[in-house]
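**Student:** In case you want the letters, here they are:
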Amino acid sequence: MILIVIEHADGAPRKSAYELVSLARELASEGTSIAALVVGDDPDAVAQELANYVPRVVVVRDPQLAPPRAETMTRAVEHAARELGAELVLVSGSRAGLSYSPRVAMRLGAPLLEDVTSLTRDGEAIVATRLSYLARVTETVAAHGTPVVVSVKAGAAPVAEGAEGAGSVEPLEVTFEADDVRVGVAARRAVTRGRVALEDADVVVSGGRGFGSAERFEELVVGLAEALGAGVGSTRAVVDAGWRPYGEQIGQTGKTVAPRLYLALAVSGAVQHLSGMNRSKVIVAVNKDPDAPIFRVTDYGIVGDVLEVVPAIREAVAGEG
Amino acid sequence: MKIVTILKQVPDAEARVRSKDGTLDLSGATFVIDGMDEYGVEEALRIREGGADAEIVALAFGPKRTAEAIRTALAMGVDRAVHVLGDEPLDALATARVLAPLVRDEGADLVFVGGKQADWDSAALGPALAEALGWPHSDWTTSLTLGDGALEVIHDVDDGSETLTLPLPAVVTTQQGLNEPRYPTLPNIMKAKRKTLDTRALDEVAAAAGVSATSTTELRSAVIESRARRNVMIEGDAASAAAELVRRLRDEAKVL
Ligand SMILES: Cc1cc2nc3c(=O)[nH]c(=O)nc-3n(C[C@H](O)[C@H](O)[C@H](O)COP(=O)(O)OP(=O)(O)OC[C@H]3O[C@@H](n4cnc5c(N)ncnc54)[C@H](O)[C@@H]3O)c2cc1C
Ligand SMILES: Nc1ncnc2c1ncn2[C@@H]1O[C@H](COP(=O)(O)O)[C@@H](O)[C@H]1O
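So the protein sequences, as listed, match chains A and B.
Position in the first sequence (first residue = 1) + 81 = my numbering.
Each step along the second sequence adds one to the number in my numbering, with nothing skipped, and position 157 is 153.
No lab work stands behind these hints, which were simulated from the structure alone.
Watch out, some of these pointers could steer you wrong.
The list that follows gives simulated cross-link-like pairs (lysine-lysine, BS3-like), each with its CA atoms no further than 25 Å apart [stated by the list, open to error]:
# : chain 1 : residue 1 : chain 2 : residue 2
1 : B       : K60       : B       : K189
2 : B       : K(-2)     : B       : K250
3 : B       : K250      : A       : K96
4 : B       : K(-2)     : B       : K187
5 : A       : K362      : B       : K250
6 : B       : K187      : B       : K60
Derived Cβ-Cβ restraints for the label pairs, each shown as a range [stated by the list, open to error]:
#  : chain 1 : residue 1 : chain 2 : residue 2 : range
7  : A       : F257      : B       : E200      : 31 to 41 Å
8  : B       : G46       : A       : F257      : 32 to 42 Å
9  : B       : E200      : A       : D283      : 45 to 55 Å
10 : B       : T159      : A       : D321      : 12 to 22 Å
Note that the coordinates shown come from a computational prediction; the quantities given were computed from them, not determined experimentally.
Just so it is clear, CB atoms sit at the ideal spot from N, CA and C, and this is done for glycine as well.
Produce the entire structure from the sequences given, and follow the hints as far as they go.
**Tutor:** Shown next, in the form of structure tokens:
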């Protein structure tokens, strides 16, 4: 059976949850069942929603799971994988998933396929593709044995359609040891609240150092993002300048996104930045330098000043109604 | 206290990577210490410069050329180094299994691991090593304060950031923002040549610790595969270029 681990926020599954559902469906051969694991202090709404997609939902309810920590997640996923006899454990390639999945794999004595962009079966083996060398190289990696733990990159599979008939929802008890809760969460600062979460965004508007100030970035980049219902991204240069929080950085050391549309505005296109967005479906760049490396990976490019072109794009979008 | 910093040697970010017949050709690349590992080295040095009585040991697994990355760390100020010599790569979990006993033998209180390796784009080694040691970890760490037997860190999470408290010993994976790594000075480069670099064979290390030094995953191929792009440059003044862009995004690419 295939176990998918559901990430949720504000009482609803994240986009990654629906992507894991379709990936699990593709991999489920005859006789293989799919179960979703939903954990949290108040997971019922998410569990009910998942029951519209998979035949079985297993729910771990525990106040110690809010906020989730790497070690509590490790314990919950390890326990569910053993109890359910999972042959494959699929988790989101989010920061959280990338953080606990190696621990789960170590604990289960399982191989780990990390941050994969596709997953198939080849006889007894589970075969994945993943990116390496700052996302310039596509590797094919195989894992043998049971179970195999896999973290799945955003966008690796389409968002699933609902299934016919509702799945079962059942509780699962997990006992947390002292070591599972030894890390304390003293404070949390959300940066995406009220806006479209970057990972879930279909459209990302991303700005670079060329905006010159936090105020202009706010007015032009965030302004256009709001007009498009898009997520806001930025480069390291912008983050280092203190204009935007780290959580919005895209690239090797920031987030990886693969939206339908990515607008790179006054972004030079350094390899470390490209590695976080080069799988976007359509890439647009606006840059005053015609030789900026970003133009090598764009679908549509405009050579021009963002201070003029961005307001013009906003007007053109508004004009469309 | 004892701080261990894990090092990896990777191709320079600007290096041209080529592939042929499903295998990477890195022959033209210069290899450097992974930029992400430098943050860990720097942080360890700052902890000592902040007044902690700390010995700092670099620990690396990799082929012979890895010694150059180790020398960089020694020249930055690391006290001594251990190099586990293995010509074939190991996946992150196998590397963690091999390195964990050495970390334990050192009696380390704190281990730094680069947040994301620039060659395999992998963030798994830190958490895997922490699990092998039975220690807590913090990943994507942007700030760190050492207290009495504990750490307070700020690290990035999907929706923002968190302040965590971790009991020592612990594993911390780095992120840019943690610090600005220093460049080795010439006198320190000279001094580094006399520091101890203890090289041990992978097989012996694994046998002594009774762990398996084999990957559980198998790399079948590596190819350079870039997505075909339209590469359309839209001309005209700002207003007409913007209008044309929006039209094309809507009618041609169908993404608006
Ligand atoms: C270990 C490591 C990790 C890194 N990780 C990341 C990462 O995760 N993400 C990341 O983004 N970077 C990362 N970097 C940094 C990366 O190498 C680049 O330095 C960074 O992406 C540059 O940001 P930028 O494009 O905003 O700035 P710049 O490179 O300064 O580019 C600004 C661009 O704006 C254009 N411009 C200026 N004014 C205007 C205007 N008025 N109108 C139009 N265009 C204009 C310029 O022509 C230029 O192309 C990393 C580096 C290292 C060493
Ligand atoms: N570029 C790479 N990216 C990820 N894993 C790799 C890479 N190269 C080697 N490996 C891992 O190292 C193990 C041994 O590799 P090899 O000896 O090259 O077959 C494989 O099982 C892979 O999991």
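**Student:** Which constraints among the numbered hints does this structure fail? Numbers only, ascending.
**Tutor:** When the structure is compared with the hints, only number 2 turns out to be violated.
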